[in-house]
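J.: The residues making up each chain are set out below.
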Amino acid sequence: MADPILRLEGVHTHIGQYHILQGVDFEVPRGELTVLLGRNGAGKTTTLRTIMGLWKPSRGRVVFDGQDIGGRDTPDIAQGGIAYVPEAMGIFADLTVRENMILAARDGAPDQARLDWIFSFFPALKKFWSLAAGHLSGGQKQMLSIARAVVEPRRLILIDEPTKGIAPAIIENMIRAFQDLKRSDTTILLVEQNFRFASMLGDGVVVMDDGRIVHRDRMAALAGDPAAQTRLLGLSLDAHQ
Amino acid sequence: MLRTLLSDDLPKSRVLSVLLLVVFVGLAVAPFAFPGAQAINTAARICVFIVLVASYDLLLGYTGIVSFAHTMFYGIGAYGVGLSLFALGGGWGAIGLGLLVALVVGVALAFAIGLFSLRVRAIFYAMITLAVASAFAILASQLSEITGGEDGRSFRVPEILRPGFRLFAEPVLGLDISGRVVTYYLVFLAALALFLMMLRVVNSPFGRVLQAIRENDFRAEALGYRTVYYRTAANCLAAAVAVLAGCLNALWLRYTGPAVTLSLEIMLDILLMVVIGGMGTLYGAVIGATLFILAQNYLQKLMGAASAATKGIPLLPQLLHPDRWLLWLGVLFVLSVYFFPTGIVGRLRRKA
Amino acid sequence: MTSAADDTGLPRVKLDYLPALLVPGLMIVAAPLIGSGSTWATLTVAGLAMGMMIFIIASGLTLVFGLMDVLNFGHGAFISIGAYLALIVVVPLAPWFAADSLPLNLAGLLLAILVAMAGSGALGYAFERVLIMPVYGQHLKQILITMGGLIVAEQMIHVVWGAQQVAMPLPTAFRGAITFGDIAVEKYRLIAVCIGLVVFGAMFLVLNRTKIGLLIRAGVENGEMVEALGYRIRRLFVGVFVAGSALAGLGGVMWAFYRETLTANIGGEVMIMVFIVIIIGGLGSVGGCFLGALLVALTANYTAFLAPKVALGSNILLMVLVLMWRPMGLYPVAKR
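Chains as they are written, first to last, in our numbering: chain R, 1 to 241; chain L, 1 to 352; chain D, 1 to 336.
Looking at chain R on its own, in the form it has when it is part of the complex (with noise of 0.2 Å):
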């Protein structure tokens, strides 16, 4: 695949005295959606926060769309087409589900049709469209946090665990949403531990492990290696299926 959108080329990053990632490579191809998988404390959500430029690399590259955007500041990198939907899911609990929307939509008013089409998957959207997002569930603040990041079209979107202690009914609204995503033409890079999400989603797979990139491969060719499977990401599968 020429051309990527984005290319990790021996990233390491540092924080304060731990050695986080030890040199990440990987590449995101335009229009797939890579899934990136991994155990805890392997070093994913360093990796989005260091493309998203939270954290500094100390060494290496982050090229996105033939730019090295690494050790830039955030509000660039955002500004670049970089949306980041984390693992915190970072809303805004004293600001309305409205306002949330206000401020993702950098350039002006949310667009009409791109918010029907929102609320098509995650309705709860327009029921509470003027309560304070603190008062949301789980679910509905993850469905809002995403639903920032797809308020306007992004180049590129990063997604730290969405279906983390979220609901089963939820998560197949997720998936409708990511898959009508992908039909669009839209570039995510996912971080998952919920293999059979990831599994329905990927194009793309990487895994990681301590701070290092120990395996590329297509989803599908991956989905059908339970041994790979098992020998990759052993624990964190028992634990989460």
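What the hints contain is simulated information worked out from the structure, not anything from laboratory work.
Here the structure is a predicted model, which means the values were calculated and not measured.
In this text, a Cβ means the ideal position worked out from N, Cα and C, and glycines have one as well.
Some hints could be false.
Stated by the list, open to error - The following label-pair restraints were derived from C-beta to C-beta distances:
hint	chain 1	residue 1	chain 2	residue 2	range
1	D	LEU33	L	GLY164	51 to 57 Å
2	D	ALA307	L	TYR298	43 to 49 Å
3	D	ALA118	R	ASP73	26 to 32 Å
4	D	VAL198	R	ARG176	46 to 52 Å
Unchecked claim - Computed far set for chain D versus chain R, every beta-carbon distance over 12 Å:
hint	residue
5	PRO24
6	ARG129
7	LEU140
8	ALA177
9	ILE183
10	LEU215
11	ASN222
12	MET225
13	GLY268
14	SER285
15	TYR331
Chains L and D: place on chain R using the hints.
T.: Below, chains L and D without anything else, positioned relative to chain R:
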């Protein structure tokens, strides 16, 4: 022997060792070497401030707590002994009673403030201590029937400490050993003992836990140290030493008032001495206090002369007026926090 | 967290109104202690006026802390500088202030306020760039440096305007009192209350109805996410810092007219109450700051009448009580 006295915490820099030795010897022989009232006053002030600044460093440098209430404890000590001597006459019993009451009040107050605000949020501490200390200062000047208000109280000290007293009939090494000299050595020895005691504390396991807390709150908590407990203990200890420094000050001055104990200006002096000398090392307190007080005594005169000399030039005389001493202190303070965060001692040790 | 919850009605939202009840509660409790109704009314209006001024000063500080975790001990400098800058207008235009003409008085006052706000806002910008920016994220240094900045600013006032007290007479039209029956209310206090309400209203509108305001509120809660959405929190912060400094300048002018005298430590005096107010309110909360300011000022006025010697201690007692009830202040700000 020396190693034990210094609790194995050696200066670790040749220049620093020499400086400390000069200060020590200078203070030890001050009444003999530098005759005159101003010199001995300066020396006594340096002794008191070394203790006061070192106790503040226990908080700021070793524990990472910013308190603006240190002068309050200093004042409690000074007022405790001063008011007791004022009310009961100049006896040792009055000093003992005043000391005891001041210690109890000071430590109890430190305990209350510490337990309360350190539990709430560390950042509150600076604000809460500032508020409490200002309230205390205003209270002290308002309750004038007891404290003498803004004028403060002058009082008599025990016979042996009075200026008219002569310990020996004959001068020793050409100096009459008056009550003032006796008082000076009382202050000097008490300051030395308190300093060595603090040196012991910071090098004890307790002191190491404090430093661990300063470096990383969460990790210390995770290691099983109750950080609030340790911080409160450090707070009480620092307060107790400040109370004692206040007592020494009252004995030396034979006077107690808000301007010499409670004012914000003294709090700033302490901050500056800690920062200039070097935070997180008690030797910094020695260097900082000595340099600062010498500069204060002699530079203010220089400023007066400079102000007079620049008469006629706009603004410059006002800027150089001795009353604007605090302006230059403030500038110096900001600059030293930026450029010398480790202070003189930190600089000297890095070179070594 | 079940999907069924999405289909039931709106979640039950509990409005946290208890802190707001404290203000009328305090007024009611004070009434029988004071006895005389007219004295009570006078003290209450005085307390409200003072509370509004403290709120104007404190609101910027609490937002500055909420946005960037910056604790500015030098905030008092903007109060003093604002008040002294007003002298630039008050002294040469003294006839305007002395004239028995409401429009002239008002024009003079407005001009003084404008100069004070512009000046203290500009000083705030310099303060942020020179002193605070190099020490972002380092609390210890922030406290020390801003304290140093405060000293330098106060001393510079001495250098420029001299150390002696300056008279700051009220404009003629605002002197004296309006009487309702046997209740006398000083005119200037009413004006202070009005200005305070206008500022509070304007701030409320900005924070709730504009995108900048939404960004400020979002930034207080989670600055990192605001950046991840593509906004520069530092630029926002500088804006809030300058606005907060300008408001402190406004508060300083009002305070100086209130006391009718001016000394360089006017800022330091008020700051003690300001710190208590923002702690009581919950650091970062504008609503909490408003309530806290009213509570502190009312308590100060009531106790100044009931037990003048302990008036200052009463505010510390109030703070202790509030924090025992809510350790993070009346309206704690949800942090990440």
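J.: Compare the structure with each hint and give your call.
T.: Here is how each hint holds up against the structure:
1. With their beta carbons about 55 Å apart, D/LEU33 and L/GLY164 fall inside the hinted range of 51 to 57 Å.
2. Separated by about 47 Å at the C-beta atoms, D/ALA307 and L/TYR298 satisfy the suggested range of 43 to 49 Å.
3. The beta-carbon spacing between D/ALA118 and R/ASP73, approximately 31 Å, falls within the hinted interval of 26 to 32 Å.
4. At about 50 Å, the CB distance of D/VAL198 to R/ARG176 agrees with the hint of 46 to 52 Å.
5. With a least beta-carbon separation of about 25 Å from chain R, D/PRO24 lies farther than 12 Å from that chain, consistent with its non-interface assignment.
6. Even its closest Cβ contact with chain R, about 18 Å, leaves D/ARG129 beyond 12 Å, as expected for a residue assigned away from the interface.
7. Residue-level check passed: D/LEU140 sits 18 Å from the nearest beta carbon of chain R, beyond 12 Å.
8. Against the 12 Å criterion, D/ALA177 stays outside the reach of chain R, whose nearest CB is about 41 Å from its own CB.
9. For D/ILE183, the shortest C-beta to C-beta distance to chain R comes to about 40 Å, beyond the 12 Å cut-off, and the non-interface label holds.
10. Its beta-carbon lying about 7 Å from the closest one in chain R, D/LEU215 breaks the requirement of being farther than 12 Å from that chain.
11. Annotated as non-interface, D/ASN222 brings its C-beta within 12 Å of a C-beta of chain R; the closest such distance is 6 Å.
12. Here D/MET225 does not stay apart from chain R, with its beta-carbon only about 4 Å from theirs, under the 12 Å limit.
13. Every C-beta of chain R lies more than 12 Å from that of D/GLY268, the closest at about 33 Å, which supports listing it as non-interface.
14. Its closest Cβ contact with chain R, about 9 Å, brings D/SER285 to no more than 12 Å, contrary to its assignment away from the interface.
15. The claim that D/TYR331 is not at the interface with chain R is violated, since a C-beta of that chain comes within 12 Å of its own (minimum 10 Å).
In terms of the numbered hints stated before, the structure departs from hints 10, 11, 12, 14, 15, listed from lowest to highest.
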